[in-house]
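A.B. asks: Here the protein sequences line up with chains A and B, keeping their order.
With the working numbering applied, the first sequence covers 345 to 740.
With the working numbering applied, the second sequence covers 179 to 574.
Worth flagging that the hints you see were computed from the coordinates, not collected in a lab.
Among the hints, a few may not be true.
Stated by the list, open to error - The following label-pair restraints were derived from C-beta to C-beta distances:
| no. | chain 1 | residue 1 | chain 2 | residue 2 | range |
| --- | --- | --- | --- | --- | --- |
| 1 | B | Ala559 | A | Ile694 | 21 to 29 Å |
| 2 | A | Ile694 | B | Pro368 | 50 to 58 Å |
| 3 | B | Asp503 | A | Asp362 | 42 to 50 Å |
Virtual Cβ for every residue (Gly too), placed ideally from N, Cα, C.
Listed below are the residues making up each chain.
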Amino acid sequence: MSTLDETHETRPETFPADGAPDLLYSEAEDDLRAAVRSLLTDRGDATASLARAESGSPYDSALWTSLAGGIGAAGLLVPEALGGQGASHREAAVVLEELGRAVTPAPYLTSSVIATQTLLACDPDDGGGGGDGTAATALLGDLAEGRTVAVLAVPLATGPDAPLPGTAPGGVIRAVADAATADVLLVLGDDGLYAIAADAPGVTLRAQTPLDLTRPLSAVTVDPAAFAAGTRVAGPDRAVAAVRGGLLAGAGLLASEQLGLAEWCLAETVRHTRERHQFNRPLGSFQALKHRMAQLWLEVASARAAARNAADALATGSPDVRLAVAVAQAYCGRVAVHAAEECVQLHGGIGMTWEHPAHLYLKRAKSAEIALGSTGAHRTTLATLTDLPAPRTPQE
Amino acid sequence: MTTPDAAELRRLTRELLAGHPPADTPVADFLTARFDAGLAWVHFPVGLGGLGAPRTLQGAVDAELAAAGAPDNDPRRIGIGLGMAAPTILGFGTDEQKRRFLRPLWTGEEVWCQLFSEPGAGSDLAALGTRAVREEDGDWIVNGQKVWTSSAHLARWAILVARTDPALPKHRGISYFICDMTDPGVDVRPLRQITGEAEFNEVFLTDVRIPDAHRLGPVGDGWKVARTTLMNERVSIGGARLPREGGMIGTVARTWRDRPDLRTHQLHQRLLALWVDAEVARLTGERLRQQLAMGRPGPEGSGLKLSFARLNQEISGLEVELLADEGLLYDDWTMRRPELVDFTGREAGYRYLRAKGNSIEGGTSEVLLNIVAERVLGLPAEPRDDKDVAWKDLTR
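Excised from the complex, chain B in its bound form:
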């Protein structure tokens, strides 16, 4: 079969729309039909939601479907599945795994979460201590604790990294699994945060039995698989295209315009400086988008998350100050369990507190700066003494 071109994709898109008029088709049915037509992610193989077409043609398909009012899956609700699980399953999964998992993942029928971070292994993820021990029948028994797990209380499946050989150095004795979140050994507990919400979870794994058929990649090679997942996570963060004043700066700019009584000269200077920084970050993202469109990804992507984390923190801090007396108040400390992460929702105090996580989640700013320094600038790594030591002998 030849690789479909833009014209062929346009024809297939119109065929899908004609066969499943968006106005009369239930969302799940439409999304299923779209997957089966190979228009979910056109660069995936035939039968797995794609057509083996160039990745760059997806935008045209999405635009045409959006223009026709077609329903889309909610990328926030299924972000981990789409952004992290799917490329990993595609890259390392067996045919059976791909057939089983990709379609309900894409349609959103099955939500995914990610069981990576642990209380003792955050930025130093490869230090993780959750154990997977192989039974005689080949299944794995998993014990350990994970943390910062968004969507765990909603998820049907999880991608999981666990240690399968503690005698090897820490990067080598790890394996990668698909974990069934309905297994009785999986205990999901809300983790209340700085904002008062429980947006994340702790996940306790007690004698969770995972069949060997749910292992992704070879035993002991899980670090390599996890790196694929993490690279895809970073690509997806900061990828959205913003209009001018499209991020948090828009909220504070509106408050400034609407509330002349709040203005001070000192805040004015800070506001203008941040407005410039936000506009430049937007342009940097636009430049990265243009580079990607040319098939030449630039290293800017490594920096965008750093920029947005700093901007969100400074802008939300400014907003609380601008509100003066009102900035002393908080809308509601009741513990809630939001289904979606919402950085900009609720009020200024919430935004200020939530933004503190932006420089920690998805790779801390310190780790990202190291990545920029070493991979972009070519600066030498710091000397380290954990690479050749068996995991069990490391200080913890």
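Just chain A, with the same shape it has in the complex:
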């Protein structure tokens, strides 16, 4: 339905003219969306995702090859000189909207956004004070082509301002998303950030059972021997900032994945309640239900503004970027969960079944609400950024 699903907005080269963030979609973004959606419609529907999730290997490598390399989505954030598309977070956000809409299992957020953004911050010239910048550059080229998947080895719940795991070699890092499919792990060590082959000796992955079947989690252990075999891509001075930059981009663009997910939940709920009859009427004609869906629409429309604002702030390097990301994350996570919960409820009994895909969306939404910083964590960030501090007394 066109109202749920805005496309074909066209705008001049310099828009908006008054320096406000550009909250619309460009024609190029619409084209990219159409390409991704067409691919996912053909190859990645929710039923297929579920079947693969149950098979123990959730990723469809052919789909990933088409998405990452064929469409060139994996290299959107990577400059052309390094083998990427030289696009921006705005375009990557559109890809994530579509991946969220189809609840697609793919290591896009982890590899093409978070790991890529982290590596981009590893200075290729001086190696970040002791790292091998050339290695980072080479790895970026591989990530951009989708040949290699890299994952930042921190717990999925880690927000951009959270304490980073003290990764003493040999310690366990729990709930690392997409590690099972990664070729390379980016691991914070005592003296910098390392790129370590996932199959290197001394790397142990133990699959954990995730709430979200479409985003696999692993407990990762990296022994000293593995650090020795890896490549240091950033020295201690740069490593933490690079990782935080990766997490910030991840958090900001996760909002777009949450937006796409919420849009699917609303559209599917509207479709279902228009068709399903009870009490000799379409369910969707009952005012009590209409108001809930209208309220959800308002939240989704608002989430779109928040998500676009975060993507644009990341793309333009706006001084407002931390606030824009925190606002988007504090808002969009709640909206996606609300949309998924309403989707289950308004589908009635069918919404509780394994064969209907609503549960995949609910599981993704609830996990994503925690991922990359909880709503509460992002509000705490905002309290600092907006000078609205907590009371001094510990509790009242």
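Based on the hints, put chain B in the right spot on chain A.
C.D. replies: Then chain B, alone, in the frame of chain A:
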């Protein structure tokens, strides 16, 4: 005559400023000259305050005049005239009506009010019972009662809907008039509200004689005319551009910063959540503004009033609680008759009480949710049994 472009409008604007230097020209004279130059609303026809130019060029004219310190009409004082009466007169008025009414309306010499709502017809406006009966000479005699009429005590003219054929179903027997508020049959009485103020009025119409020349649109077609008025009302609500913390959230945020003694953890969480919601509503409005600038109005406008109503109510409620002991007090219960509606003026208790009207006036939140559900989401209407019944046979 060709349609003037931006350069031509700039030339005309400078000509107006040169001929009527704002510093030396009385406000009414300047506004009259501006109207006669076609720069009042550039998309209106020549001779009626416009030049038949694209509507999108108005912003540039306004900005240039503002930069030159030119006086503007007070959009709050003449909001109903500008936002509702003018587009309706333009759309349905005769040439004579347009010539007579538009200029003093625009300059603010004649204030307008709106005689729509009745005690028995609020959200169900088409149920209205005010009668207009035609005399032999073609004039109309109007009897009935209207309510919630802002500015009625200041207004020179009113737009009025009245029933002209009770034997027809309720949407069909309505006609639309321009009512002279100085007619002796018009009795305006202050309506004291929840805040203690009398911001609105009741208007009693007793044998008010309206010449047929003051009818807008065909007899019996008043509902269609009224829909134009109402659509313009909704467009104008929530259209203002806000800076960050620009609405009610700014007041409570300042109190939070200035009064550390009032802070509690529970209020802190609510404040941050509302701060996020207010920022997202601001961004949603900004996104709508950008869509309009592209000539592609999005449906977000339907939702913004819903968002602001909820936000104003929750934020003002929080503010009263934050003030604790002071929140128990009220500034003044003396009945006043404010000339302007001021949602944010006076004190927290007033804001809390006044905000309760935000989800009722200008379309209740429940009606707006129905509109979103049916027109944006395409959900079916509830079955209704009043459409084909003569108005006189409806239950009241």
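A.B. asks: Confirm or reject each hint.
C.D. replies: Cross-check of the supplied hints:
{"no.": "1", "hint": "Ala559(B) with Ile694(A): 21 to 29 Å", "result": "holds (25 Å)"}
{"no.": "2", "hint": "Ile694(A) with Pro368(B): 50 to 58 Å", "result": "holds (56 Å)"}
{"no.": "3", "hint": "Asp503(B) with Asp362(A): 42 to 50 Å", "result": "holds (44 Å)"}
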